[in-house]
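Asker: This is what each chain is made of:
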Amino acid sequence: MSEWIEAINWTTIGTKALIVSLQLIGILIVFFIVRAIGNKFISSSFTKMSTQRNISGGRAKTLEKLTSNAFSYVLVFILITLIVGIFEYDVTALIAGAGIVGLAIGFGAQGLVSDVVTGFFILLEKQIEVEEYVTAAGLDGIVEEVGLRTTRIRGFDGTVHYIPNREIGSISNHSRSNMRALVDIGIGYSENIDEAIVVLQAACDRVAAEDELIIEGPNVLGVNSLGDSDVVIRILAKTANMEQWGVERKLRKAMKEALDANNIEIPFPHQVNVQKEEK
Amino acid sequence: MSEWIEAINWTTIGTKALIVSLQLIGILIVFFIVRAIGNKFISSSFTKMSTQRNISGGRAKTLEKLTSNAFSYVLVFILITLIVGIFEYDVTALIAGAGIVGLAIGFGAQGLVSDVVTGFFILLEKQIEVEEYVTAAGLDGIVEEVGLRTTRIRGFDGTVHYIPNREIGSISNHSRSNMRALVDIGIGYSENIDEAIVVLQAACDRVAAEDELIIEGPNVLGVNSLGDSDVVIRILAKTANMEQWGVERKLRKAMKEALDANNIEIPFPHQVNVQKEEK
Amino acid sequence: MSEWIEAINWTTIGTKALIVSLQLIGILIVFFIVRAIGNKFISSSFTKMSTQRNISGGRAKTLEKLTSNAFSYVLVFILITLIVGIFEYDVTALIAGAGIVGLAIGFGAQGLVSDVVTGFFILLEKQIEVEEYVTAAGLDGIVEEVGLRTTRIRGFDGTVHYIPNREIGSISNHSRSNMRALVDIGIGYSENIDEAIVVLQAACDRVAAEDELIIEGPNVLGVNSLGDSDVVIRILAKTANMEQWGVERKLRKAMKEALDANNIEIPFPHQVNVQKEEK
Amino acid sequence: MSEWIEAINWTTIGTKALIVSLQLIGILIVFFIVRAIGNKFISSSFTKMSTQRNISGGRAKTLEKLTSNAFSYVLVFILITLIVGIFEYDVTALIAGAGIVGLAIGFGAQGLVSDVVTGFFILLEKQIEVEEYVTAAGLDGIVEEVGLRTTRIRGFDGTVHYIPNREIGSISNHSRSNMRALVDIGIGYSENIDEAIVVLQAACDRVAAEDELIIEGPNVLGVNSLGDSDVVIRILAKTANMEQWGVERKLRKAMKEALDANNIEIPFPHQVNVQKEEK
Amino acid sequence: MSEWIEAINWTTIGTKALIVSLQLIGILIVFFIVRAIGNKFISSSFTKMSTQRNISGGRAKTLEKLTSNAFSYVLVFILITLIVGIFEYDVTALIAGAGIVGLAIGFGAQGLVSDVVTGFFILLEKQIEVEEYVTAAGLDGIVEEVGLRTTRIRGFDGTVHYIPNREIGSISNHSRSNMRALVDIGIGYSENIDEAIVVLQAACDRVAAEDELIIEGPNVLGVNSLGDSDVVIRILAKTANMEQWGVERKLRKAMKEALDANNIEIPFPHQVNVQKEEK
Amino acid sequence: MSEWIEAINWTTIGTKALIVSLQLIGILIVFFIVRAIGNKFISSSFTKMSTQRNISGGRAKTLEKLTSNAFSYVLVFILITLIVGIFEYDVTALIAGAGIVGLAIGFGAQGLVSDVVTGFFILLEKQIEVEEYVTAAGLDGIVEEVGLRTTRIRGFDGTVHYIPNREIGSISNHSRSNMRALVDIGIGYSENIDEAIVVLQAACDRVAAEDELIIEGPNVLGVNSLGDSDVVIRILAKTANMEQWGVERKLRKAMKEALDANNIEIPFPHQVNVQKEEK
Amino acid sequence: MSEWIEAINWTTIGTKALIVSLQLIGILIVFFIVRAIGNKFISSSFTKMSTQRNISGGRAKTLEKLTSNAFSYVLVFILITLIVGIFEYDVTALIAGAGIVGLAIGFGAQGLVSDVVTGFFILLEKQIEVEEYVTAAGLDGIVEEVGLRTTRIRGFDGTVHYIPNREIGSISNHSRSNMRALVDIGIGYSENIDEAIVVLQAACDRVAAEDELIIEGPNVLGVNSLGDSDVVIRILAKTANMEQWGVERKLRKAMKEALDANNIEIPFPHQVNVQKEEK
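Chains as they are written, first to last, in UniProt numbering: chain Y, 1 to 279; chain L, 1 to 279; chain H, 1 to 279; chain C, 1 to 279; chain R, 1 to 279; chain B, 1 to 279; chain X, 1 to 279.
Take these hints with a grain of salt, some might be off.
[To be verified] Subject to a maximum C-alpha distance of 27 Å in a straight line, what follows is the list of computed DSS-like cross-link-like pairs (lysine-lysine):
#  : chain 1 : residue 1 : chain 2 : residue 2
1  : L       : K276      : Y       : K16
2  : L       : K48       : H       : K65
3  : C       : K256      : R       : K253
4  : X       : K126      : L       : K276
5  : L       : K61       : Y       : K126
6  : H       : K126      : C       : K48
7  : C       : K61       : H       : K276
8  : H       : K276      : H       : K256
9  : L       : K256      : X       : K238
10 : L       : K253      : Y       : K256
11 : Y       : K253      : X       : K65
12 : B       : K276      : L       : K256
13 : R       : K256      : B       : K48
14 : B       : K16       : X       : K276
15 : Y       : K65       : X       : K238
16 : H       : K276      : B       : K256
17 : H       : K256      : L       : K256
Hints were generated in silico from the structure; no laboratory data involved.
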C-alpha cells in the first residue's frame with residue numbers, strides 16, 4: 001500500500017488544491033461585486049419608477065424587497081453551483097437524481113411561483129387596493145390585504161376569504177368609478193305607457209333632487225320587455241360608488257308610491273282560465 | 001507548498017487569460033454589431049408594416065418597442081451564457097440546479113409569456129380597440145386599455161374588469177357594424193295572423209320613418225313559434241351600432257300600441273280548467 | 001506577459017481560423033443549394049396538389065407560402081446553430097439557460113403553433129369557406145375570414161367574433177346541403193288523429209306547391225309524443241340551404257290556419273280541478 | 001497566412017473526407033435495404049391481416065399506406081440525423097435550440113399525432129363505418145367519412161360536422177343491432193290497472209301483427225311510476241334498426257285510440273283546490 | 001488522393017470491424033438467452049397466478065400474451081439501441097431530433113399506453129366481465145367485450161358504445177349482488193299514517209309471498225318526507241340481480257290497489273285558493 | 001484479415017474482461033448487503049410504527065410489504081443500470097430511444113403511481129376502513145376493500161363501485177361519530193308560533209324518551225324561514241351513527257301527529273286568486 | 001490469463017482506491033458539518049420567527065420539524081449522489097432509466113409535494129385553526145386537524161371530511177369576525193311601506209334590546225325588490241360569531257308577530273284570474 005501512496009502525485013494534487021482555492025476566492029469576489037452593483041441598480045430603478053408611475057412608498061418598498069430577494073437567491077444559487085462545479089466530481093449522478101426529485105418539486109412548487117408572479121403584477125398594476133370592493137376567483141368582498149402569495153378578502157357576511165393569487169384570473173374591481181342603479185318595474189297591459197313613463201320620470205326627478213349621491217339621471221329608458229303579465233319599464237341612474245343599492249331601494253319605493261298615487265297598476269301574475277265541463 | 005506553486009504552469013495560465021480576454025472582446029464586438037443591425041432592422045420593418053397594414057403610429061410604436069426589447073433580452077441572455085461558457089467551469093451543476101428551479105419558474109412564468117403572446121396578436125390584428133364594446137373571457141363592457149399583459153374593460157354597471165390576456169379565448173366585438181334589433185310579440189290564437197302582420201308592419205314602418213338610427217327594416221318575418229297561449233310573431237331590423245336596445249324599446253312600445261288600437265289581443269297565459277267533483 | 005503572447009501558438013490559431021472560414025463557406029453553399037431545391041420542390045408539389053385536389057388558386061398560394069416560410073425558418077435556424085457550433089464554445093451554459101427561458105416560451109407559444117396547425121388543416125380540408133354559416137367554439141355566424149391564426153365569424157346580431165383556431169374543436173358547417181325544416185304542432189286529446197293528419201298533410205302539400213325552396217316533403221310523420229294537454233304531431237321537410245327558418249314559419253302559419261278551418265283544436269294547457277272544502 | 005495553410009494536415013483532411021464518403025455510401029446502402037425489407041414486411045403482414053380479420057380491401061389499403069408512410073418518415077428521419085452526425089460538428093447547439101422550438105412544436109403538433117393514433121384505431125377496430133348513425137364528441141348523425149385526422153358526420157338537420165379524431169372519446173354506434181322502442185303512457189288513478197294493461201297489450205299485438213319492422217314485443221311491462229296525476233304504464237318493443245322512431249309513433253297512436261275506445265282516461269294534470277275565505 | 005487512401009490505417013479499421021462483429025454476435029447471443037428465459041418465467045408465473053387467483057384460462061392467456069409481447073418489444077428496443085451504439089456514430093443529433101418528434105409522439109401516444117395500463121388492471125382485478133350490466137364513463141349497458149384498448153358495452157336501447165379504457169375512471173358494476181327495490185308512495189295528509197303503514201305492509205307481504213325473486217322484505221320504513229301535498233312513505237326490498245325493476249313495478253301496482261281497496265287517498269297536488277276581490 | 005486479428009491487443013481485452021468481472025462481483029456483493037440492511041430497517045421501523053401509531057397488524061403488514069417491494073424494485077433497477085454501465089457501450093442511443101418511449105410510458109403509467117401514492121396515504125392515515133359508510137369520487141356506499149390501486153365501495157342499491165385511488169380527492173367518512181337528524185316542518189301563517197313550538201318540543205321529548213338511539217335533543221330551534229305558504233320550523237337532534245334516517249322518520253311521524261292532535265295546520269301551497277272580468 | 005492479471009496496473013488501482021477513500025472521508029466530514037450548521041440555523045430562525053410573528057409554540061415546532069426534515073433529506077440525497085459520483089461508473093444509463101421511472105414517479109408524487117407546500121402556507125399564514133368553522137374545497141365544517149398533507153373537517157351533520165391540501169384553493173374562514181344576519185320579509189302591495197318599515201324597525205329594536213349577541217342593528221334597509229306578489233323589505237344586523245343563524249331565527253319570529261299585530265299582510269303568492277268562456 002505504501003507504493004500506492006508514493007504513486008500519488010502529491011505535487012499535482014497540491015497544485016490543484018491551490019488552483020481551486022484561487023478559483024474560490026475569485027468567484028467570491030465577483031459574487032460580492034455583482035451583488036452590490038445589482039442591489040444598487042434595483043434600488044435606484046425602483047426609486048425612479050415609484051416617482052414616474054406614481055406608486056406609493058409602501059408598495060414600492062414591497063416590490064423592491066421582492067426583487068432584491070429574488071436577485072439574492074439567484075446569485076447564491078449560482079454561487080453554490082459554481083463552487084460545486086470547481087470540485088470536479090462528476091455531478092451527472094446529481095443531475096439524474098435531481099431530475100426525479102426536481103420534477104416532483106418543480107411541479108409541486110410551480111403553484112407558488114405562479115402565486116408570486118400574479119401577485120407581483122396585481123401590486124404593480126394596482127388592480128386592487130386595500131378597502132376596495134372586488135370580485136376575484138368567484139368570491140367578492142372588501143380587500144383586506146394584497147400579498148405576494150395570498151389575497152385576503154372579507155365578504156359582506158363577515159367571512160374571511162384567503163385566495164391564492166394563482167386562483168385569481170380576471171379581477172372585477174367595483175370601487176373605481178360611479179356605479180349604475182338599475183330598476184325594472186312592471187305596469188299593467190291595460191295602462192297607458194306614455195302616462196306611466198311621465199309619472200315614473202317625475203318620481204325619479206323628485207328622488208334625484210333629494211339625493212346628492214345620484215350623479216346622473218335617473219331616466220326612464222322605455223319598454224324593456226313585454227312580459228307575461230306586465231309591460232316592463234326600465235329606469236337607469238348613475239350614483240356615487242357603493243351607493244347604488246341604497247339608491248335602487250329609494251327608487252323602488254318612490255316609483256311604487258308614484259304608481260299607486262296615479263292609479264297605475266303593478267300587476268300580479270295573470271292567467272286566463274277557460275272553463276270546460278268534464279267529459 | 002512552494003513546490004506546488006512552482007508546479008503551476010504560469011505561462012499556460014497567462015496565455016489562457018490572454019485568449020479569454022481576446023475572446024471576451026471579440027464577443028462584445030459581435031454583440032454590439034448584431035444589436036445595432038437588429039434594432040435598425042426591427043425599426044425599419046415596423047415603419048414599413050405600419051404604412052402597409054395601416055396601423056396607427058401609437059400602436060406601431062408599442063409593438064416596435066416590444067419587439068426591440070425582446071430582441072435585446074435575447075441578445076443579453078446569449079451574451080451572458082457565452083461569457084460564462086468562456087470560463088470553462090463545468091456548468092453541468094448549474095444545469096442540474098437550473099433544471100429544478102427552471103421548471104418551477106418556467107411553469108410559473110408561462111402564464112406571463114402566454115399573456116404577452118396573446119396581447120401581441122390582439123394588438124397586431126386590431127381585434128379590439130379602446131372605446132369598443134366587447135365580450136371577452138365571459139365579461140363584457142367598454143374597452144379601456146389593451147395592454148400586453150392585461151386588458152381593462154369597464155362593465156356597464158361601472159365595474160372595472162382586469163382580464164389577463166391569456167384568459168381571453170374568443171373575443172366578441174360588438175362595435176364593428178350595424179346591429180340587429182329583434183322583437184318577438186305574441187298574439188292570441190283566435191286572432192287573424194294575416195291581419196296582425198299587416199298591423200305590425202305598418203307600426204314598424206312608422207317607427208322606421210321617424211328614426212334614422214334604423215338602417216334596414218324593421219320587417220315582420222312571420223310566425224316564429226306556436227306557443228302555449230300565443231302565436232309568436234318575429235320582427236327584425238338593422239340599426240346603427242349600439243342603438244339596437246333603444247330601437248327595440250321603441251319597437252316594443254309602437255307595436256303594443258298598434259295591436260291595442262286594432263283590438264288584437266296580446267294574451268296572458270291561458271289554462272283550460274276541467275272541473276271534477278271530489279271522489 | 002510577453003512570454004504569454006509568445007506561448008500562443010499563432011500558427012495553430014491561424015490554421016483553425018482558416019478551417020472555420022472554409023467550414024462557414026461550405027455550410028453557406030449547402031444552405032443555398034438546399035433552400036433552392038426545397039423551394040422548388042414545395043412549389044411544384046403544391047401546383048400538383050392544387051390540380052389534383054381541386055383547390056382554388058388563392059388557397060393553394062396561402063398554403064404554399066406558409067410551407068415555404070416554415071421551411072425557410074427551419075433552414076435558417078439550422079444554419080445559425082451550425083455556425084454557432086463551429087465556434088467551439090461550450091454552449092452547455094446556453095442550453096442551461098435556454099432550458100429555463102425555453103420552457104416558459106415554449107409553453108407560452110405552443111398556443112400559437114397549435115393555432116397554425118389547426119388553421120392549416122381547416123384550410124387544407126376545406127372545412128369552412130368564407131360566406132358559409134358555421135358553428136365553431138360555441139359561436140355561430142357567417143365566416144368572414146379563415147386565417148392561419150384566427151378565424152373571424154360575424155354573428156347574426158352583427159357581433160364580430162375572433163376565434164383563435166386552437167379553440168376550434170369540432171366545426172359544424174350549416175352551408176353544405178339542403179336543410180331540414182321541422183315543425184311540431186299539438187292537437188287536442190279529443191280530436192281524431194287520423195282526420196288531423198289528413199288536414200295537416202293537405203296544408204303541407206299546398207305550401208309545397210307554392211314554394212320551390214322546399215326540396216322534399218313536407219310530410220306528416222305521426223304522433224311524436226303524448227303531451228300533458230295535447231297530442232303532438234311532427235311534420236318534416238327538406239328545404240334549400242338557409243331557407244329552413246322561412247319554410248318553418250310558412251308551415252306554422254299554414255297548419256294553424258288549416259286546423260282552425262277544420263275546427264281542430266290547438267289546445268291551451270289543461271288542468272283538472274278537484275274542489276275540496278276546507279277542513 | 002501561407003504558413004497557416006501549410007500547417008493544415010491536408011492528408012488527414014483528405015483521409016477524413018474519404019472516410020466520411022465511405023460512411024455516407026454505407027449508410028445509404030443500409031437505408032435502401034432496410035426500406036425495401038420493411039415495406040415488403042408491412043405489405044405482406046397487412047395482406048395476411050386483412051384476410052384473417054376480415055377487413056375490406058379499401059380499409060386495409062388505407063391502413064397499409066399509413067403504416068408504410070410512417071415507416072418511411074422514420075427511416076428518412078434516422079437517415080438525416082445519421083448523416084448530420086457524420087459531419088462531426090458539435091450539434092449541442094442544435095439541441096439547445098431544438099429544445100425551445102421543439103417544445104412549442106411538439107406541444108402544438110401533439111394534437112395531430114393524437115388525431116392519427118385515434119383515427120388508426122377507429123379504422124382498425126371498425127368502430128364506425130360510413131353510412132352508420134353514430135354519436136361522437138356530443139354530435140350525432142350519419143357518418144360520411146372516417147379519415148385519419150378528421151371524421152365527418154352529417155346531422156339529421158343537414159349540418160356537416162367535422163370532428164378531429166382526438167375529440168372523440170367514447171363512440172356510440174346506433175347502427176349495429178335491433179333497436180328498442182319504448183313508450184310510456186299515463187292512465188287515470190281511478191282506472192283499473194289490470195283492465196288497462198289488457199287493452200294496451202291487445203293494441204300492441206295488433207300493431208305487431210301489421211308491422212314486420214317490429215322484431216320483438218311490444219309488451220306491456222307494468223306500472224313504471226305513480227305520477228302526480230297519472231299511473232304511468234311502460235311498453236317495450238324491439239324493432240329493426242333505425243325504425244324505432246316510426247314504431248314508437250305507431251304505438252303511441254294505436255294505444256291512444258285503444259284507450260279512447262275503451263273509455264280509459266289519459267288524464268290531464270290534476271290539482272285539488274281547497275277554497276278558503278280571505279282573512 | 002491516393003496518399004489519402006494510404007493514410008487510412010486499414011489494419012485499425014479491420015480490427016475495429018472485427019471487434020464490432022464480435023460484439024454484435026455477443027449481443028445477439030445474450031438477447032436470445034434473455035428472451036428465452038424471460039418468456040419461460042412469464043409463462044410459468046402466469047400459470048401459477050391463474051391457479052392461485054382463480055383466473056379463468058382465457059383471461060390468463062390474454063394477460064400472458066400481453067406481458068410476453070411487452071417483454072419482447074422492450075428487448076428488441078434495447079437490442080436495436082445497443083447495435084446502433086456499437087457503430088460509434090455520434091447519435092446526439094438523433095437525440096435532438098428524437099426530442100422534437102418524440103415529444104409529439106409521446107404525448108400523442110400516451111393515451112394508448114394509458115388505455116392498455118387501465119385495460120390490464122380491469123382484466124386483472126376482474127372489475128367487469130362480459131354479460132354484466134355496468135356503468136362506465138357515464139354510459140351504461142351490458143358488457144360485450146373487455147379489450148386492452150377498448151371496452152364495448154351495449155346499451156339497453158341497442159346502441160353499441162366503444163369506450164377507450166382511459167376514459168373509464170370509476171366503474172359501477174350492477175351485476176355483482178342482490179339489488180335494492182325502492183318505492184316511495186304518497187298518502188293524503190288527512191289519512192292515518194299507522195293504518196296506511198299496516199295496509200302497505202300487508203300488500204308488501206302478499207307480493208313477497210308470490211314472488212321468489214324477492215330476497216328480503218319488502219318492508220315499510222316509515223315517513224320519508226312531508227311533501228307539499230302528501231306524506232311520503234318509503235318501502236324497501238332486496239331482489240335477485242336485474243329483477244329490481246320488475247319487483248318495483250309489481251310493488252307499485254300492489255300498493256296502489258291496496259290503498260284503493262282501503263280507501264286511503266293517494267292525493268293529487270293540492271292548492272289552497274284564497275279568493276280576493278279585484279281592487 | 002489475420003493481421004487484423006493480430007492487431008487486436010488481446011492482453012488489454014483480457015485485462016478489461018477481468019476488471020469487468022471484478023466490478024460485477026463487487027456490485028453484486030454491495031447489492032446484497034444493501035438489500036439485507038434495507039429490508040431489516042424497513043421491517044423494524046414498521047414494527048415500531050405499528051406500535052406507536054396504533055396501526056392494526058394487517059394494515060401494517062400491507063404497508064411494510066409495499067415499502068419493501070418498492071425498495072427491492074429500486075435496488076434491482078440500480079443494479080441493472082450499473083451493470084449496463086460497466087459494459088461501456090455508449091448508451092446515449094438508449095437514452096434517445098428511452099426518451100420517446102419513456103415519455104409515453106411515463107405519462108401512461110403516472111396514473112398507476114398516483115393510485116399507489118394516494119392509496120398508501122389512505123391506508124396510513126386510516127381515512128376509511130372496511131365496513132364504513134363513505135363518499136368518495138362522488139359515489140357513496142359501504143367500503144368493501146381499500147387496496148393500493150383501487151377502492152371498492154358497495155352502494156346501497158347493491159352496485160359495486162371500483163374507484164381508482166387517484167380519482168379520490170376529498171373523502172367524506174360518515175361512520176366516525178354521532179350523526180345529525182334534521183327535520184323541517186311547515187306550519188300555517190295563521191298559527192301561533194309559540195304554541196306550535198311547545199307542541200313540537202313536547203312531541204320531540206316523547207320520541208327522545210322512547211328511543212335510546214337519540215344521543216342529544218331533539219330540540220326545536222325556531223323559525224328557519226318564512227316560506228311562500230308556511231312558517232318553517234327546524235328541529236335538530238344527534239343520533240347514533242347510521243341511525244339518523246330512522247330517527248328522522250320517527251320524528252316526522254311524531255310531529256305530524258302532534259300538530260294534527262293540536263289542530264295546528266301543516267298548510268298546502270297557498271295562492272290568492274283575484275278575479276277579473278275578461279276585457 | 002495470468003498475463004492479463006499482470007497487465008493490470010495494480011499500483012494505479014491502489015492509488016485510485018486510496019484517493020476514493022480520502023474523497024469519501026472528506027465528503028462525510030463536510031456533510032456532518034453542513035448538517036449541524038444547517039439545523040442550528042433552522043432552529044434559531046424559527047425561534048426568532050415564532051417570537052416575531054406571534055406563532056404559537058406547537059405550530060412553530062411543526063414547521064421547524066418539517067423544515068429540518070426537508071433539509072436532512074436534501075443533504076442525504078446530495079451525499080448519496082456524490083458518493084455514487086466518486087465511483088466513476090458511467091451513470092448515464094442510470095439517467096436514462098431514471099428518466100422513465102422518474103417521470104412516472106415525479107408526476108405521481110407531485111400531488112404529495114403540492115399537498116405539503118400548500119399545507120405549509122396554510123399553517124404559516126394561519127389561514128385556519130382547529131375549532132374554526134371554514135369552507136374549503138366545497139366542503140364546510142369545523143376544522144379538526146390541519147396537517148401537512150391533509151386537513152380534517154367535521155361537517156355539521158357529523159361527517160368527517162379528509163381534504164388533501166392540494167384540493168384546497170381558496171379558503172373561506174367563517175370564524176374570524178362578527179357575522180351578518182340578513183332577513184328578507186315580504187309585505188303586501190296594498191300595505192303602506194313607510195308604516196311597515198316603522199313597525200319592523202320597532203320589532204328589530206325590541207330584539208336588539210333583549211339579545212346581547214347582536215352587535216349592531218338590526219336596521220331596516222328599505223325596499224329590496226318588487227316581487228311578483230309582495231314588496232320585499234330587507235333587514236340587516238351584525239351578530240357575534242356563529243350566532244347569526246340564531247339571531248336570524250329570532251328576527252324572523254319577531255317580525256312576523258309584529259306584522260300580524262299591526263295587521264300588515266305577509267302575502268301568499270297572488271294570481272289574477274281572467275275568466276273566459278270556452279270557444
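Asker: Now, for every hint given, state plainly whether the structure supports it.
Answerer: Do the hints match the structure? See the list:
1. L:K276 - Y:K16: violated (110 Å)
2. L:K48 - H:K65: holds (20 Å)
3. C:K256 - R:K253: With Cα atoms ~21 Å apart, K256 of chain C and K253 of chain R stay inside 27 Å; holds.
4. X:K126 - L:K276: violated (67 Å)
5. L:K61 - Y:K126: Holds. K61 of chain L to K126 of chain Y sits at ~24 Å (cutoff 27 Å).
6. H:K126 - C:K48: violated (36 Å)
7. C:K61 - H:K276: violated (77 Å)
8. H:K276 - H:K256: With a Cα-Cα distance of about 38 Å, the restraint between K276 of chain H and K256 of chain H is violated, given a limit of 27 Å.
9. L:K256 - X:K238: violated (48 Å)
10. L:K253 - Y:K256: At roughly 21 Å apart (the allowed maximum being 27 Å), K256 of chain Y and K253 of chain L satisfy the hint.
11. Y:K253 - X:K65: Status violated; Cα separation ~62 Å.
12. B:K276 - L:K256: holds (21 Å)
13. R:K256 - B:K48: Judged against 27 Å, a Cα distance of about 63 Å means the pair is violated.
14. B:K16 - X:K276: Answer violated: K16 of chain B to K276 of chain X is near 110 Å, above 27 Å.
15. Y:K65 - X:K238: It is violated: about 39 Å lies between the C-alpha atoms, which goes past 27 Å.
16. H:K276 - B:K256: Since the Cα atoms of K276 of chain H and K256 of chain B sit roughly 21 Å apart, the hinted pair holds (cutoff 27 Å).
17. H:K256 - L:K256: Since the Cα atoms of K256 of chain H and K256 of chain L sit roughly 23 Å apart, the hinted pair holds (cutoff 27 Å).
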